[in-house]
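Sequences listed follow chains A, B, C and D, in order.
When the first sequence is numbered by this note's numbering, its final residue is 329 and no position is left out of the sequence of numbers.
When the second sequence is numbered by this note's numbering, its final residue is 329 and no position is left out of the sequence of numbers.
When the third sequence is numbered by this note's numbering, its final residue is 329 and no position is left out of the sequence of numbers.
When the fourth sequence is numbered by this note's numbering, its final residue is 329 and no position is left out of the sequence of numbers.
Treat the hints with care, as some may be off.
Repeated chains share a single entry, so a pair holds when one copy, or any two copies, can fit it.
Stated by the list, open to error - Calculated pairs, DSS-like style, for lysine-lysine (alpha carbon to alpha carbon, straight line, at most 25 Å):
1) 241 to 73
2) 73 to 84
3) 241 to 84
4) 294 to 160
5) 174 to 241
6) 238 to 84
7) 174 to 142
8) 241 to 160
9) 238 to 279
Since the hints were derived computationally from the structure, they do not count as laboratory data.
There are 4 protein chains.
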Amino acid sequence: MRMSLGESMIVTLFGESHGPAVGALIEGMPPNIELDLEQLIDDMVSRRPGSGLASKRKETDDVEIMSGVHAGKTTGMPILLLIKNEDVRSKDYSFLPYQPRPGHVDHPINVKTEGAADLRGGGSFSARLTAGLVAASSISRKVIPDEWVVEATIGALGGKEGEDGIALAEQARKEGDSLGSRVDLVISGLPVGLGEPWFDGLEPALARALMAIPAARAVEFGRGVRAGEMRGSQHNDKWGKGMTLSEGADGALGGMASGAPIRVRITFKPPSGISLPQKTFNEISGVMEELAIKGRHDPVIAPRARPVVEAVARLVIADLAIRGGYIDE
Amino acid sequence: MRMSLGESMIVTLFGESHGPAVGALIEGMPPNIELDLEQLIDDMVSRRPGSGLASKRKETDDVEIMSGVHAGKTTGMPILLLIKNEDVRSKDYSFLPYQPRPGHVDHPINVKTEGAADLRGGGSFSARLTAGLVAASSISRKVIPDEWVVEATIGALGGKEGEDGIALAEQARKEGDSLGSRVDLVISGLPVGLGEPWFDGLEPALARALMAIPAARAVEFGRGVRAGEMRGSQHNDKWGKGMTLSEGADGALGGMASGAPIRVRITFKPPSGISLPQKTFNEISGVMEELAIKGRHDPVIAPRARPVVEAVARLVIADLAIRGGYIDE
Amino acid sequence: MRMSLGESMIVTLFGESHGPAVGALIEGMPPNIELDLEQLIDDMVSRRPGSGLASKRKETDDVEIMSGVHAGKTTGMPILLLIKNEDVRSKDYSFLPYQPRPGHVDHPINVKTEGAADLRGGGSFSARLTAGLVAASSISRKVIPDEWVVEATIGALGGKEGEDGIALAEQARKEGDSLGSRVDLVISGLPVGLGEPWFDGLEPALARALMAIPAARAVEFGRGVRAGEMRGSQHNDKWGKGMTLSEGADGALGGMASGAPIRVRITFKPPSGISLPQKTFNEISGVMEELAIKGRHDPVIAPRARPVVEAVARLVIADLAIRGGYIDE
Amino acid sequence: MRMSLGESMIVTLFGESHGPAVGALIEGMPPNIELDLEQLIDDMVSRRPGSGLASKRKETDDVEIMSGVHAGKTTGMPILLLIKNEDVRSKDYSFLPYQPRPGHVDHPINVKTEGAADLRGGGSFSARLTAGLVAASSISRKVIPDEWVVEATIGALGGKEGEDGIALAEQARKEGDSLGSRVDLVISGLPVGLGEPWFDGLEPALARALMAIPAARAVEFGRGVRAGEMRGSQHNDKWGKGMTLSEGADGALGGMASGAPIRVRITFKPPSGISLPQKTFNEISGVMEELAIKGRHDPVIAPRARPVVEAVARLVIADLAIRGGYIDE
């Protein structure tokens, strides 16, 4: 099995939630990109659990750069980013694989690997692995020009924007439950034409990468599901002087940047790990039994997914830009 | 630029709307797969324009198999599927590249290729190229077992299901306008565990392939955008006796088949090619000018996209199945 | 099975010796490369059988360009090159698969595909498929600058250079036999640094591509097998003023161009198809039986392999150049 | 830049000679392969410097397995092998990049990366990185059946076999010089048909991987360069009862295993790093100057390359076997 993203700049994840380490290997990074270690720390902190709406697992997330960097700059060779695991509590997972958790990967991966997978904490499917994604993306920030802006914000929590959403999430947590959410992504400033035709166009490439974030359930571009109810005369955005488009337009046409901002909405399901007891099948007893999942849970995903969405989008853009010759390899 | 889908069984598209031919090259097809030419004809007919809600371009879509087949069976070698173009009316596109059509790829691809692209009829971005996808998918139908069912239906036209939707679409056509739509896809019967972790999981792989269909604007899995408003205790589907899931559950967990059906909804924007005059920039005159696009237009995409959705989903499943060793290469 | 060469500019072969066609699909070709149809004809003629030392099969080798070219220039989209087969005499191969030819692919491919492969004339393994390679290489000639010179010459026939070699080959043909040979390749003018580290370095990439030419048995770089008998003080070539190297030096160091010419020698075995009767196993009779292979044979490979060596080397260089950003994609 | 080998089981190298670590990431390793840590230690020792004919650098080569292994078995997820660097003496390389060493990668990689590469000790091009290859190959030993035997021996040192060769090498070392050499590789027991057509056939795939070993200069298959002087009637090996071939035959036909052993000879140039002073260009002084390379040198490559040749060949075979469905993924 592979866990790789990109064609020209390739990020490969590795690691398990309760193994020695997680991390990422970056191939195809151009040489002479300066490292910004403060930015790296900031980026790692942004996805770290511990805030009001995140789980209590303590992750210092110190990123060790084991290769591909010399004298504060990238050398062009593969960059290995290693993040050692600490604060792992493996004893929490003794019920596996006999009573797999609802909404989790436990059962499918156990079947797929004929029992070989490390199931503790979700193994290689844990959101813990997004630490490698965020680290890799941070290292590659300066690959793309400053004018290409990638920005994600919390769109909604439980269907509500803003303060109301936070209250809803707090309420869900108190009740041992969890809440669905949405992250909104805007990418602007891309040169017209960036992106590849068909299967590696901006939307297909972004959709693939974003849907790989654990718990993502929908990806919408431009007007998204609302486009299904519109007429062409409404939806079409006319080219203006200098071949510009209005803000409402699709930011990509045929997979390529049109010059307008690309707007994406990513919907996340409510986290499957909830404290409320759930009655689910136990292979040993042969009957449905209550399962109360101990441990640390996020009540809602958007706050922690937000920096991951940004990271993933930045990696996709950098890869397409190198691939298309928009920036030097 | 590449137009390839798949890792183990790879389908590469080629061709231009107004060039000599379109088609697909299939690599990695297992040997000894029997050809079903009647099925091929049926599949090609299903995406052909000419029905009430499709454009008037006549496409006989005769598929010539130029390699990789011997004595009625695949040989395991690359299969070239060639579909010659007929009934092309290139004179319709003389306004390009000076006055690019709203909502079309004309301007981005012209910029990207510094004027080299063949813009007539959308060139390589034309929906005409889905003929190659449908042909390739038809040839590979028997690669996957009969119990793995891939089925797409028209979900909605202009936001309405069924007859009301058809009336809306007819109305739009009469007014020289077009309408958004939705296709619903269900994949069932997959073995538990099929799919790869992270970026090549079932949802990421399907999202990428489906978002590459021209005019796709959103992809939703399971409960889709509605999951953003749910609670975990509602959304979680409990494992039942024999590790089965209810029909309402997510069909994939962590990118791998869970045993339940995978439900996908794909939203298409209203076709950009409308007869209603649109005021849009003309590079030669330097001002906004009315552009009336002559030629053949589909008023709504779902009816013609439906077989393409099925084709693309089948190719993704076959590729993941070969890659994961679920079927012999 | 795949038959693809390259990472950034990818050439995929297809076709069978006795099927409808052979050819190549080129992906990743930059746009705006002008077509030189006369050069294409010249290149196709150069590998065509019919000269004194080649087989009598008549191949007009008309290359049909089915996509990716518009107004005499490449568009950047996939280019399909189709070469229809004519003058095929399939009845010659009725002894297969029961009495496979010595030194031919008949038996391994028959076993591999469980009988599905088209064995006539070597099927997809026929030297006939090099027509696609030569055509693809011809189309991509102008991708690389004129100063990058790729030139192959006949090195030796039966161990002898020049006229003596030709006489030896003629003698072998008269006796119904065949002769080994060597092609010498020189690549010069590459920018210092072109090439990738380790497995995609100039030597690994060239060795792979050259060893794929049917009947190749050895690839030597620089001083080749003689380097095994030298001392470092002899073999090392010192850097001169302006970091230049002498002509004797290795043209690549660590997989990257050093500035000196790259010298390669490719040894081809004597063609396996000979008229002399050979006693070999017949599965039907269950005993060794004489097999006299009728049809058209080349007595020696170098003359026809020479343009193929050049074609293959040019494709490798173009791919590495695009990949490394030495020329625009 | 990438440093990856394989399509289905992919080994990617990383690290620099004088950086924090070297190692390899293995993707596509099947699950449930048992780890043999004693074998791993044996394999690492076999390539370690310190014997009579190797340099004095002490490398303990402790391999840390950071992911993809659980309960003593592979999980199917990416396996990260980390080998920390110790005993690095970076001060030896202060003459770089101004006076690049003859026969070394210093100058090309410095030009290629515009000064960004870590040149100390050869950086990412150091033979030190073969530690990652040997470790990865050791982990994957049990992927292929025991009957598939991959064995490399020292073929010749300075053109002489056995004891005479060793004496020659010792003599060269005493004189501050080095010697060319050859490693012989035999692969036997492969199932008929293993291998892919054309560019990923056994010979092309092996040639590519073997030519990537630092200092390799020629790869010969079967009768190698001698085939260039033979006649077809001599060279052809007839199929015997049960479609077997004699020992003298080519082990691969058309890129696929024929059932006979595959014999390969790899020639290595004399190591470029010699103690004898060499007059070579110095960019600072602008004239040719003597350069005496201090540090640790191997006088001949074959003894240390032997286990690397085996490792690389085993990886190629495992990859082709998984890819062709000969063993479960």
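Structure-inconsistent hints, enumerated in ascending order: As far as the earlier hints go, 1, 3, 4, 5, 6, 7 and 8 are violated by this structure, in ascending order.
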